[in-house]
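Number of protein chains: 2
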Amino acid sequence: MALPAAVKIVEVGPRDGLQNEKDFVPTATKIELVNRLSAAGFPNVETTSFVSPKWVPQMADAADVMAGIERRPGTLYSVLTPNLRGLEGALAARADEIVIFGAASEAFSQKNINCSIAESIERFRPVTEAAKQQGLRIRGSLSCALGCPYQGDVPVSAVVDVVERFASIGCDEIDIADTIGVGTPKRTREVYEAVTRVFPRERLSGHFHDTYGQALANIYAALLEGITIFHASVAGLGGCPYAKGATGNVATEDVLYLMNGLGIDTGVDLNQVVAAGDFISTALGRQNASRAGKALLAKSRNEAACA
Amino acid sequence: MALPAAVKIVEVGPRDGLQNEKDFVPTATKIELVNRLSAAGFPNVETTSFVSPKWVPQMADAADVMAGIERRPGTLYSVLTPNLRGLEGALAARADEIVIFGAASEAFSQKNINCSIAESIERFRPVTEAAKQQGLRIRGSLSCALGCPYQGDVPVSAVVDVVERFASIGCDEIDIADTIGVGTPKRTREVYEAVTRVFPRERLSGHFHDTYGQALANIYAALLEGITIFHASVAGLGGCPYAKGATGNVATEDVLYLMNGLGIDTGVDLNQVVAAGDFISTALGRQNASRAGKALLAKSRNEAACA
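Sequences listed follow chains A and B, in order. When we follow full-length UniProt numbering, the leftmost residue of the first sequence carries the number 1, and every step to the right adds one. When we follow full-length UniProt numbering, the leftmost residue of the second sequence carries the number 1, and every step to the right adds one.
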């Protein structure tokens, strides 16, 4: 299969990336981050979560963030909605897309939400029905698709099963997420080969973590399977809650560098993303986890010093 | 093309990785590193450089390192030899393979060794002729194959030209090196498609840097072109001399994790390499740059804490 001519990059840094930050990130910082990202041209920015602040205190300002951002025409603003209450928040905030979630691993589902995979997805049915009535786009995020921190291997058939369940409750787009970054290109291709038999290829995405350094190889493998939607987190924001000190979300800058090198159109300006990554890394006081970001920042500093 | 069943991983950490360390690494530390790596099963360890200590003070102890290591049957110990004097050192130290070098970029060649590519390779002819007479294996390392820090783009035809020159002076193996890590899978495949027309595929290697995060994607692309020899540096030792703070050599642990996931035999024990990476990172007092290494170390620390 030839490489696609264009892909959609979904920037997940403001939500997935910041969610596990221990110190509360000021609302103004979150808003500036989202604005910088949408200005860079992303067609979709995962912006915040309408979830109980008891669960995720970092997202307690969801409504304020949504109210404060500039809406760029051409960018969809997505929010996580765990339940009907979350959906109410999303509607009030005029989100463009809601994100629901489920795991391909029974052990993960039981440990995290204390119910089976099937039950967890069935619980979203009232949410997706109400969302559909309101004309909202619905994305289903399927975690542990390439492996689980508790049960280890996850069979491909389990991924297919959850994809079918997500489809049955009305998901427009489904994320194949390697939550702990254990996948390699062989399994990645096997999973896409299997799930594209039950769900349209052009509405499947790849959400890869770089915990073992495999994310870009997996993205290239997914491109070879005709996948055209990829998630990434600016400056690699996010870390890995299952292994302290390990890498988490693949960095957006690295993904854009890959796409540019392959001649695949993203509509996103890499230099603006590098600047946004520098902005948020500085604001959080942490090292930029993007390799391309670090290299491009080093290059521009060298050029400035030589000028 | 199907993926190969087995590959040869050349560990370059002790030479390419340590070469640019500012503080002198004690000879005993270098020896322990080489011993740990050969014990892990590498078929080839790039061990040191027989080069003037004025040029590369870090390698001033080349003879002592070679004299101090344990020779594991099944491991070849390679050394860099810039000239006949270096070859004498390599022979006295009973090296198994010598490494000579040349760039695919005229700008790089002029800037680094003040002569043309053609001249630089012709200068190695007496070295390779003498090495052949002594039964030494010869490897040619071709830098800037995917881009140059001075001239930017490097035409594929320039890479092919240097490969032919290396072949004409007797190189048994030729490294296609992305010295500054700018390559992406499309160009990687184009280069291998071109060079395999003039040199045997099974004696071409891939030496990728991870400066823009692309190394593993490029290695996967090279595997799809049937390449079966890859270089890697334990703990990602090496950095990037062209962009301070940027990433350099691809980390061996990440490469082994990829090969294990693809079911490709390397003969190398990943856990022993992770331990070697921890050893040298601790000895140098710097962060381990391997993502897989960091994740596996975090996992084993968690398990130890829970036991």
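Don't read these hints as lab results, they were simulated from the structure. Since the model is a prediction, treat every value here as computed from it, not as a measurement. Treat the hints with caution; some may be incorrect.
Put simply, identical chains are the same to the list, so a pair is met inside one copy or across any two.
[Claimed, not checked] Simulated pairs of lysine-lysine, BS3-like, Cα-Cα distance not exceeding 30 Å:
(1) 132 to 22
(2) 132 to 54
(3) 299 to 186
(4) 132 to 8
(5) 244 to 132
(6) 8 to 186
Results of checking the hints against the structure:
1. Within a single copy, residue 132 and residue 22 get their C-alpha atoms no closer than 34 Å, and across copies no closer than 61 Å, so neither meets the 30 Å cut-off.
2. Taking the shortest alpha-carbon separations for residue 132 and residue 54, only the intra-copy value of 28 Å comes in at or below 30 Å, while the best inter-copy value is 72 Å.
3. Taking CA atoms no more than 30 Å apart as the test, residue 299 paired with residue 186 passes between copies only; the shortest distance there is 23 Å, against 35 Å inside one copy.
4. For the homomeric pair residue 132 and residue 8, the shortest alpha-carbon distance inside one copy (23 Å) is at most 30 Å, but the shortest distance between copies (54 Å) is not.
5. With identical chains, the CA atoms of residue 244 and residue 132 are never at most 30 Å apart, being 39 Å at best within one copy and 51 Å at best between copies.
6. In this assembly of identical chains, the alpha carbons of residue 8 and residue 186 lie at most 30 Å apart whether taken from the same copy (23 Å) or from different copies (19 Å).
Violated hints, listed in ascending order, are 1 and 5; each of the other numbered hints is respected by the structure.
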